[in-house]
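Q: Heads up: the sequence lines are chains D and L, in that order. Under the numbering used here, think of the first position of the first sequence as 248, with each following residue one higher. Under the numbering used here, think of the first position of the second sequence as 248, with each following residue one higher.
Keep in mind that the hints were calculated from the coordinates and are not lab data. Check each hint, because a few of them may be wrong.
The list cannot tell twin chains apart, which means a pair is met if one copy fits it or any two copies do.
The calculated DSS-like cross-link candidates involving lysine-lysine, where the alpha carbons are at most 27 Å apart (straight line), are [what the hints assert, rightly or not]:
(1) 439 - 340
(2) 264 - 367
(3) 375 - 392
(4) 438 - 375
(5) 348 - 392
There are 2 protein chains.
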Amino acid sequence: MYTKKDIEQLDRISRLKIINAVTGIKPANLIGSINSDGLSNLAIFSSVVHLGSNPALLGFISRPQTPEVGHTLRNIKENGSYTINHIHPNFVKNAHYTSAKFSAEESEFELCGLTQEYQKDILAPFVKQSTFKMGMQFVETLDIKHNGTVMVIGEIQKLIIDNSAMVDDDIDLQASNSVGISGLNSYYELKKIAQFPYARIEELPEF
Amino acid sequence: MYTKKDIEQLDRISRLKIINAVTGIKPANLIGSINSDGLSNLAIFSSVVHLGSNPALLGFISRPQTPEVGHTLRNIKENGSYTINHIHPNFVKNAHYTSAKFSAEESEFELCGLTQEYQKDILAPFVKQSTFKMGMQFVETLDIKHNGTVMVIGEIQKLIIDNSAMVDDDIDLQASNSVGISGLNSYYELKKIAQFPYARIEELPEF
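Can you make the complete structure from the sequences, with help from the hints?
A: So, in structure tokens, the structure goes:
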């Protein structure tokens, strides 16, 4: 057991490792973007979250920007376009190393061995190796004043999924071979264990 | 492939099922709360997200409130206390059925076969069956104007984890037997496949 005080007194690295893992499994996505000079950027994010289905809105958390980090949000603000690409087991290592602090002039695509792919009507680059990806249009940012982070909100413009990801008319994340992240650097495969109907009071099982 | 227009033209249920699954795997948590009359509430959430480690802040998304739904946020606003409890395979079915529309007078703990547990200094009830849980203090809400949802932000007051969840000084979500959710009703077990060091440019592997 850790109290608030115990957490505050942990050394920085231990605290980062623990607190980044407490929410449970996180989705593993690469976000692609491009600046006005045509320089592409690719960064791993574990904070993509569903906000609504109509309109189809997703959010992600961007940390406080400095000259060295935050190229993704800077690019998104320049032209409104970005892509969200699921990570699969065969390129988790490539994806992980996009988190190194490359300069704005360096493209993580090239340095991490991933391939840019462009799609009609979407300015930002997709990850060719991903079989589950979305073209996004920026909507707004929300400031989280307590720690300077920002929630970036966007709407899905294009959803590209392999037919094999659909099982019985439902997206199956084991079939799509999508991975999860824990903490800052651990990657997990998914194994489907249960599916239940929409929960109605009149159909409540005996517990 | 689905364009924005294709997504808009899907029937409501198909759209909910698909768009709730596109972010990838989501953490499976039960949020416990209690109102000023001492009536407890328990609800499943797949939107818990890490916002920062110092202070240790977590967020989750609450849908627009109506008299029938939103008891969790109402309770949190009354007294500032809530708990976040990981879901394990042996009670995924119980956890799923907390999403049925019970009235404010009914406690999901009792009706879904889960046990309340109280801890010193935390007003809201924990889930006894969970071996990975947190007592939270409400900080603020952020309105997402585009669809009326709200991000609820809180700080960790107490983190209770089983020793078996710690492997080599790191939280291991396979060892803690934490599960993930896809869409509205599919549950996944986790299998750790890789762990990499903090990514430094000077230690970039050959890709």
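Q: Hints the structure violates: just list their numbers, smallest first.
A: Failing hint: just 3.
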